[in-house]
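Number of protein chains: 2
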Amino acid sequence: MITSHHNPLLKDIRRLHRRRDGGRFVAEGEDLVAAADAAGWQPVVRLRAGVDVEESVLAKVSSLGSGTRELAVYEERWAQPAGPVCVALWGVKDPGNVGTVLRAARAFGAACVAIGPNTADPFGTKAVRASMGAIFEVPLARVDDVASLPGPRVALVARAGEPMTGPATGTLVVGAEREGLPDDVVAACDEVRHIAIESESLNAAMAATVALYEWNRVRA
Amino acid sequence: MITSHHNPLLKDIRRLHRRRDGGRFVAEGEDLVAAADAAGWQPVVRLRAGVDVEESVLAKVSSLGSGTRELAVYEERWAQPAGPVCVALWGVKDPGNVGTVLRAARAFGAACVAIGPNTADPFGTKAVRASMGAIFEVPLARVDDVASLPGPRVALVARAGEPMTGPATGTLVVGAEREGLPDDVVAACDEVRHIAIESESLNAAMAATVALYEWNRVRA
Chain A
1 MITSHHNPLL KDIRRLHRRR DGGRFVAEGE DLVAAADAAG WQPVVRLRAG VDVEESVLAK
61 VSSLGSGTRE LAVYEERWAQ PAGPVCVALW GVKDPGNVGT VLRAARAFGA ACVAIGPNTA
121 DPFGTKAVRA SMGAIFEVPL ARVDDVASLP GPRVALVARA GEPMTGPATG TLVVGAEREG
181 LPDDVVAACD EVRHIAIESE SLNAAMAATV ALYEWNRVRA
Chain B
1 MITSHHNPLL KDIRRLHRRR DGGRFVAEGE DLVAAADAAG WQPVVRLRAG VDVEESVLAK
61 VSSLGSGTRE LAVYEERWAQ PAGPVCVALW GVKDPGNVGT VLRAARAFGA ACVAIGPNTA
121 DPFGTKAVRA SMGAIFEVPL ARVDDVASLP GPRVALVARA GEPMTGPATG TLVVGAEREG
181 LPDDVVAACD EVRHIAIESE SLNAAMAATV ALYEWNRVRA
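In the order they appear, the protein sequences are chains A and B. Counting from 1, position 56 in the first sequence corresponds to residue 56 in our numbering; the numbering is continuous, with no gaps. Counting from 1, position 96 in the second sequence corresponds to residue 96 in our numbering; the numbering is continuous, with no gaps.
Among these hints, one or two may not hold up.
Claimed, not checked - Subject to a maximum C-alpha distance of 27 Å in a straight line, what follows is the list of computed BS3-like cross-link-like pairs (lysine-lysine):
(1) B:K60 <-> A:K93
(2) A:K126 <-> B:K93
(3) B:K11 <-> A:K126
(4) A:K11 <-> A:K60
(5) B:K93 <-> A:K93
(6) A:K126 <-> A:K60
(7) A:K60 <-> B:K126
(8) B:K11 <-> B:K126
(9) A:K93 <-> A:K126
(10) A:K60 <-> B:K93
(11) B:K60 <-> B:K11
(12) A:K11 <-> A:K126
(13) B:K126 <-> A:K93
(14) B:K126 <-> A:K126
(15) B:K93 <-> B:K126
(16) B:K126 <-> B:K60
Because the hints were derived from the structure by calculation, they are not lab data.
Produce the entire structure from the sequences given, and follow the hints as far as they go.
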């Protein structure tokens with residue numbers, strides 16, 4: 001059982017919280033580790049309070065104010081973009097929003113979340129936590145080109161195009177909170193849609209959640 | 001122009017960030033203050049960097065890591081629960097979720113957000129920020145009884161009842177992330193609905209957003 005804060009493994013985990021390297025990431029909390037187990041992910045390292053490491057020592061490597069009973073390190077996985085339903089994020093910089101989109105993708109049956117340029121790391125600590133385990137269930141792809149996404153590609157924008165409804169398959173391309181999608185990305189898409197709202201905007205996670213819900217509803 | 005960190009007004013604002021009192025709250029950032037102006041809210045105090053207060057001094061009372069150009073203090077406002085569409089939160093403890101529900105209520109035309117027991121303070125700093133200005137546009141009510149909400153009252157739960165669709169007016173009652181709605185609250189509602197999902201759950205903000213979208217869609 002690890003009893004020292006100076007243990008190299010713990011130093012490694014503290015560093016991973018700040019800046020990931022070596023393609024590994026940390027999942028913290030019994031629920032997340034259970035989600036990884038259920039999805040068949042083998043941890044590189046697994047630390048349980050009172051079993052593998054002293055509780056107070058584990059608390060010090062926790063990114064949560066409340067400490068944690070368990071954490072584990074995994075190797076990140078990347079897949080190719082895939083349909084029938086994919087969500088692509090372009091410039092979504094808030095890791096909480098990226099994690100929430102993963103959760104929505106899981107809830108509404110998307111096959112893939114594609115991470116485009118200038119988007120928060122989906123394997124970062126905050127995104128993993130916000131995903132509530134969906135990080136282990138929804139395949140992730142890295143993309144830098146709309147053409148690599150399953151078609152039709154639907155640009156989700158604040159006000160242009162038709163209201164959101166079908167085609168209900170293809171890729172939903174979601175942009176940043178303020179700037180929206182770059183013009184060249186919109187131009188490279190096959191369709192432009194918006195969610196009918198009475199205010200200025202929704203955040204990227206809310207917009208993606210509603211759009212995924214709508215496609216799921218239309219398919220069902 | 002205020003130049004001292006020890007100015008009593010600034011101390012007051014720092015305290016309001018931590019623990020609100022006197023029915024006042026802080027809105028931070030030019031966008032939020034502009035939203036308040038547009039909605040006709042008069043600030044009790046308004047501080048602009050370089051005009052009313054030195055920039056570096058204002059930065060020290062900011063709750064944002066990046067500092068702020070402007071902040072203002074307002075008196076909170078409470079209304080009675082009102083329809084045709086109301087959202088009631090019961091045990092939603094995360095202030096970011098409360099603010100996001102306000103934003104969704106604004107986007108999808110709800111007349112009121114009702115704050116039930118054990119729910120985060122909607123006028124707290126984090127909730128105000130997450131609302132993106134909707135705090136100034138959507139009337140808030142305090143409730144401790146389902147019977148005081150506009151009917152029909154629809155309990156939004158994880159899996160029971162019919163899938164979410166009409167009546168499209170009345171009150172959507174949304175519970176906590178994990179525990180959901182207490183049994184007595186569900187029993188006091190007129191209908192029980194769920195959002196059809198393929199995973200365990202959505203968070204309260206996502207569920208409320210989708211439900212409000214759905215009601216708005218059905219009405220349109």
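Evaluation of the provided hints:
1. B:K60 <-> A:K93: holds (25 Å)
2. A:K126 <-> B:K93: This hinted pair holds, its Cα atoms lying about 18 Å apart.
3. B:K11 <-> A:K126: Violated - the C-alpha atoms of K126 of chain A and K11 of chain B are around 32 Å apart, more than 27 Å.
4. A:K11 <-> A:K60: Holds, because 10 Å separates the two Cα atoms, which is no more than 27 Å.
5. B:K93 <-> A:K93: holds (25 Å)
6. A:K126 <-> A:K60: holds (17 Å)
7. A:K60 <-> B:K126: holds (26 Å)
8. B:K11 <-> B:K126: Measuring from Cα to Cα gives roughly 19 Å; hence the hint holds.
9. A:K93 <-> A:K126: holds (12 Å)
10. A:K60 <-> B:K93: Holds - the C-alpha atoms of K93 of chain B and K60 of chain A are around 25 Å apart, at most 27 Å.
11. B:K60 <-> B:K11: holds (10 Å)
12. A:K11 <-> A:K126: It holds: about 19 Å lies between the C-alpha atoms, which stays within 27 Å.
13. B:K126 <-> A:K93: Given pair K126 of chain B, K93 of chain A holds - Cα atoms ~18 Å apart, limit 27 Å.
14. B:K126 <-> A:K126: holds (17 Å)
15. B:K93 <-> B:K126: holds (12 Å)
16. B:K126 <-> B:K60: Within the cut-off at roughly 17 Å; holds.
Hint 3 from the list above is the single one not met by this structure.
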